[in-house]
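The listed protein sequences derive, respectively, from chains A and B.
FYI, our numbering numbers position 114 of the first sequence as 114, with every residue one higher than the one before it.
FYI, our numbering numbers position 15 of the second sequence as 15, with every residue one higher than the one before it.
Please note that a few of the clues may not be correct.
[As the list claims (entries may be wrong)] Calculated lysine-lysine pairs in the BS3-like style (CA-CA distance at most 30 Å, straight line): (1) LYS155/A with LYS506/B; (2) LYS105/A with LYS317/B; (3) LYS219/B with LYS155/A.
[Said to hold, decoys possible] Examples of chain A residues toward chain B, derived with CB under 10 Å: (4) ASP23; (5) THR27; (6) PHE52; (7) GLY80; (8) MET83; (9) PRO92; (10) ARG107; (11) ALA151; (12) TYR226; (13) ARG230; (14) PHE310; (15) LEU311.
Derived by calculation from the structure, the hints in this document are not laboratory data.
Beta carbons are placed, not taken as given, at the ideal position from N, Cα and C, and that holds for glycine.
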Amino acid sequence: MSRLSLRGLTKDYGELTVVDRIDLTLTEGEFVSLLGPSGCGKTTTLRMIAGFVEPTAGAVEMAGKVISSPGSVLPPERRGMSMIFQSYAIWPNMTVQENVAFGLKLRKLSAEEVRRRVGQILEVVQMGHLAGRYPAELSGGQQQRVALARAIVVKPAVLLLDEPLSNLDANLREEMRFEIRRLHDEFRITTVYVTHDQAEAMATSDRIAVMNAGRIEQVDAPHLLYTRPRTRFVAGFIGRTNLLEARMENGEIGLDGFGLKVAPTNPEPNGGTRPVLLSVRPQSIGLHRNRPSGPDGRPAVPGIVAQRVFLGETWDYVVQPQGNGARLRVTAPPLQVHEVGEAVWIDFDPRQIAIVE
Amino acid sequence: MNDTATILPKPAARAGEPRRAGVLDRLSHVEPVALVWLALAVVLLLLVVAPLGKLFLVSFETQETGAFTLSNYVTAYGRARYRDALVNSLLLGLASATISVVLAVPMAWAVSRTDMPGKGLTWAVVLGAFVVPPYLGAVGWILLAGPNSGVINRVWRAATGAEGALFNVYSFEGMALVIALHSFPLVFIFVKAALDLVSSEMEDAANILGAGTWTAVRKVSLPLVWPSIMAAFIVIFLETIALFGTPAIIGIPARINVVTTQLWQFFEYPVRVEVAAAYAMPLLLITVGMIAVQKLLLSRKGFVSQTGKGGERRPIKLGPWRWALFGWCASVGALSVAMPLLVLVQASFAKAWGRGISLDNLTLRNYRLLIFEHEMALTSIWNTIWFSASAATFAVLIALLIAYIVNRRLVPFGEALGFLAMAPFVIPGIVMAIGFYAAYASPPLALYGTAAIIIFAFTARFLPIAYANSSAAVRAVHPEMEEAARILGSGRLHAISRVTAPLVKKALLGGWLIVFIVASRELSAAIFLVGPRTRTMSVLLYDLSEAGNFEVLAAFGGLLLLITMVLVGVGMKLVGRDFMLRRT
Numbered sequence: 001m002s003r004l005s006l007r008g009l010t011k012d013y014g015e016l017t018v019v020d021r022i023d024l025t026l027t028e029g030e031f032v033s034l035l036g037p038s039g040c041g042k043t044t045t046l047r048m049i050a051g052f053v054e055p056t057a058g059a060v061e062m063a064g065k066v067i068s069s070p071g072s073v074l075p076p077e078r079r080g081m082s083m084i085f086q087s088y089a090i091w092p093n094m095t096v097q098e099n100v101a102f103g104l105k106l107r108k109l110s111a112e113e114v115r116r117r118v119g120q121i122l123e124v125v126q127m128g129h130l131a132g133r134y135p136a137e138l139s140g141g142q143q144q145r146v147a148l149a150r151a152i153v154v155k156p157a158v159l160l161l162d163e164p165l166s167n168l169d170a171n172l173r174e175e176m177r178f179e180i181r182r183l184h185d186e187f188r189i190t191t192v193y194v195t196h197d198q199a200e201a202m203a204t205s206d207r208i209a210v211m212n213a214g215r216i217e218q219v220d221a222p223h224l225l226y227t228r229p230r231t232r233f234v235a236g237f238i239g240r241t242n243l244l245e246a247r248m249e250n251g252e253i254g255l256d257g258f259g260l261k262v263a264p265t266n267p268e269p270n271g272g273t274r275p276v277l278l279s280v281r282p283q284s285i286g287l288h289r290n291r292p293s294g295p296d297g298r299p300a301v302p303g304i305v306a307q308r309v310f311l312g313e314t315w316d317y318v319v320q321p322q323g324n325g326a327r328l329r330v331t332a333p334p335l336q337v338h339e340v341g342e343a344v345w346i347d348f349d350p351r352q353i354a355i356v357e
Numbered sequence: 001m002n003d004t005a006t007i008l009p010k011p012a013a014r015a016g017e018p019r020r021a022g023v024l025d026r027l028s029h030v031e032p033v034a035l036v037w038l039a040l041a042v043v044l045l046l047l048v049v050a051p052l053g054k055l056f057l058v059s060f061e062t063q064e065t066g067a068f069t070l071s072n073y074v075t076a077y078g079r080a081r082y083r084d085a086l087v088n089s090l091l092l093g094l095a096s097a098t099i100s101v102v103l104a105v106p107m108a109w110a111v112s113r114t115d116m117p118g119k120g121l122t123w124a125v126v127l128g129a130f131v132v133p134p135y136l137g138a139v140g141w142i143l144l145a146g147p148n149s150g151v152i153n154r155v156w157r158a159a160t161g162a163e164g165a166l167f168n169v170y171s172f173e174g175m176a177l178v179i180a181l182h183s184f185p186l187v188f189i190f191v192k193a194a195l196d197l198v199s200s201e202m203e204d205a206a207n208i209l210g211a212g213t214w215t216a217v218r219k220v221s222l223p224l225v226w227p228s229i230m231a232a233f234i235v236i237f238l239e240t241i242a243l244f245g246t247p248a249i250i251g252i253p254a255r256i257n258v259v260t261t262q263l264w265q266f267f268e269y270p271v272r273v274e275v276a277a278a279y280a281m282p283l284l285l286i287t288v289g290m291i292a293v294q295k296l297l298l299s300r301k302g303f304v305s306q307t308g309k310g311g312e313r314r315p316i317k318l319g320p321w322r323w324a325l326f327g328w329c330a331s332v333g334a335l336s337v338a339m340p341l342l343v344l345v346q347a348s349f350a351k352a353w354g355r356g357i358s359l360d361n362l363t364l365r366n367y368r369l370l371i372f373e374h375e376m377a378l379t380s381i382w383n384t385i386w387f388s389a390s391a392a393t394f395a396v397l398i399a400l401l402i403a404y405i406v407n408r409r410l411v412p413f414g415e416a417l418g419f420l421a422m423a424p425f426v427i428p429g430i431v432m433a434i435g436f437y438a439a440y441a442s443p444p445l446a447l448y449g450t451a452a453i454i455i456f457a458f459t460a461r462f463l464p465i466a467y468a469n470s471s472a473a474v475r476a477v478h479p480e481m482e483e484a485a486r487i488l489g490s491g492r493l494h495a496i497s498r499v500t501a502p503l504v505k506k507a508l509l510g511g512w513l514i515v516f517i518v519a520s521r522e523l524s525a526a527i528f529l530v531g532p533r534t535r536t537m538s539v540l541l542y543d544l545s546e547a548g549n550f551e552v553l554a555a556f557g558g559l560l561l562l563i564t565m566v567l568v569g570v571g572m573k574l575v576g577r578d579f580m581l582r583r584t
């Protein structure tokens, strides 16, 4: 059942289109991330869902009812949503307890009920012992937990998160990622999560909507986004990749200058010849000292190591295939050492090559 | 800080090495800054410590012999009339601070957080009310709301046929309102600065949890700036109880005695400095105590550190309510600036101000009289300009040196200098003036009636303004800016003059102008210290108001206003539009 849907949602500021005809539907209890570089319109989209920004065109629907459309926006306070802000927006003049109780009191619950639910949620986020503190006396991570508790305690129809971890240091960010997912697994609140950090999106989300220049480029489960990127932007933004120009001929791919014939798993149904773009992940390329003679018949070409960087967990090589101007990034395990200038062989896994637009 | 290393003792020379080299070595590491520190300490002792100490001592002395006595306190608080004056002062302070808060908080919220139209106009109102000297506003309000011939009351009688007055300015309420109409800009500046720091996300967070605009303002925005509102309330309370001009111009005719006017009466012949000193002590204690409370309020819970980061600020859309708010701001502007100044200007060009605006009532006689015939008018203008300019120059110079030494931690106990420079902030101007009188008026220095005593008193009185300004300016220059110059071979003084000074020039100019402007309208410190030939414009204006010739008084007020506007205009041109209204 769909809980929240965006239909052709658009926001212009004068000539500038910040959000451009976005369609997205969330089912009940789903966790979807809006992922993209800064300025791609993801925060504006979130603020339109919250009701802080009026759309120029299109609509936001919740449980089948239009709640935002041009000229008619249900005010944020009547949406039954809650939101976690980039700055947390924990009110510094109230204690932890008072912050969390704020939304419940507005819902006219009895004092007893408010106390019970605040106590409960503070235990869930492990902040029960700090209920009487003021925000200024809390660390960044603790403030983040208060923000989470305050947003969840009202049992919102939709939970919105706007880059909630960007103000935390790296270790804490990793911890809070799992915390957010754990809370989602516990409460199953329909959630929209805005971030520019792909690891964050991958760790938390059921699906990720990758945004670029106001458009959604692709919506998919995290592993599909990585293995089957559909656009050049998605392939480059999620993880690192090699983009290769190739020709499509009768359902087979010919790489320029390589003379390789590979059959990727998502071939175009129609025949004929046309240029296509391939995304090949660095770690899907095999690197060998001698010509590989594997039984699987992977296509292989000779090349020269042009550059290398040791990153600890991997070697990062740049290999120049023979007779071709391309420079391919290839990763290899730490013990596989090649010198710059060394002649090597590389081979490709056809299953891990994606055609992108 | 790396700078401290240069003045810390060097490690003792190792045994066997010639000792003399160590000493020379050490001497070459001494910076001239230690001497500057000493000079500054002496200056501050003379400007701040000596007058206050003398004031305190004098309050326990017998007039002729100097023997210890408590009789001054008995005299000062022995009469009901004197005690009533203290109560009146406190009530007046509470009333005008309350009115100021009521006037200014909606304005501050409207300008900072909403889409109210006419924000520029509101700023103009605030600036106008801020730069017009309060005693000038008081004169304007006498013309507006004097019980018999005040414009408002004449119009009221003509319109309704009623007998009495609609509003009599010669009353406690009248005095409180007139004071508030010139104090509210402080509340506006404090509260707006605080509201500007509250990110819109704070309100958004309340909205998304179910709070409407009004609930969010009531539960989140206003509580967040509550410390600032209280701080502004305290400042206005203190300014009011230390204010001399308005209580003297309105209160004395209305027979409402307050502490400041009572102090003035102790200075009438025969001058009783000792009693005045004793009588001023509670004023000083209240001020010190309240400033401490204010500091406590502002530091509590780290409000500011929490609200500063993150999030954009978007104006709240008010719909039709924005016109109601605009109406409020415009009304405050009419009452505080437009109406008083209008009647003042009208009176200054009138043969008889009560006859209203007509051609045969127009004259330049009042201005001609002041400029060409009055024996003191031009002298007082000249006095005002050069006293204020000297005081501003001294204050900024002293403040800059102290600020630099304190901020760069050049000497141990540098903070003591900073503390002394800020100390006059908690001393009411009128108390300061009596202290200067007690310390320097009589022999051996016998400075009474000289320009020097006024200039020094102004310097001391406005040193905190200059210090806050210079300190902010110096702090804004990262020490590494200078260190970068020094590592390339430039000495400290060279680095200061080539790197630091150009960077703080503009801020210092702003500080100089602010001190100049507030000094040029200072009345309460001046009136106790001027002699026959050293009267300033503000003192002369007060003398004229006692004489009761309102046309000439208005014309002199017009001149004062013109000079103030020119100065403020120059300041805005040189330093920026909001240079008077920045919260430091």
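Do the hints match the structure? See the list:
1. Of the pairs offered as hints, the one joining LYS155/A and LYS506/B is violated, with about 54 Å between alpha carbons and a cut-off of 30 Å exceeded.
2. Restraint check: the Cα-Cα separation between LYS105/A and LYS317/B comes to about 25 Å, which is no more than 30 Å; the hinted pair holds.
3. For the hint linking LYS219/B to LYS155/A, the alpha-carbon distance of about 21 Å falls within 30 Å, and the restraint holds.
4. Restraint check, ASP23/A versus chain B: the minimum CB separation of about 24 Å is more than 10 Å; hint violated.
5. A cut of 10 Å between beta carbons decides the hint on THR27/A: the least distance to chain B is about 22 Å, and the hint is violated.
6. At a threshold of 10 Å, the smallest CB-CB gap from PHE52/A to chain B is about 6 Å, leaving the interface hint in force.
7. The interface hint given for GLY80/A holds, since its Cβ lies 8 Å from the closest Cβ of chain B, which is under the 10 Å cut-off.
8. At a threshold of 10 Å, the smallest CB-CB gap from MET83/A to chain B is about 5 Å, leaving the interface hint in force.
9. Checking PRO92/A against chain B: minimum C-beta separation of about 3 Å stays under 10 Å; hint holds.
10. Taking 10 Å as the C-beta cut-off, the interface hint given for ARG107/A holds, the closest approach to chain B being about 6 Å.
11. Taking 10 Å as the C-beta cut-off, the interface hint given for ALA151/A holds, the closest approach to chain B being about 8 Å.
12. For TYR226/A, the interface hint is violated, since its Cβ never comes within 10 Å of a Cβ in chain B; the closest pair sits about 31 Å apart.
13. Taken as an interface hint, ARG230/A does not check out: its beta carbon lies about 33 Å from the nearest beta carbon of chain B, beyond 10 Å.
14. With its C-beta approaching chain B no nearer than about 34 Å, PHE310/A sits outside the 10 Å limit, and its interface hint is violated.
15. At its closest, the beta carbon of LEU311/A sits 33 Å from a beta carbon of chain B; the interface hint therefore is violated under the 10 Å criterion.
Consistency note: the structure conflicts with the earlier hints numbered 1, 4, 5, 12, 13, 14, 15.
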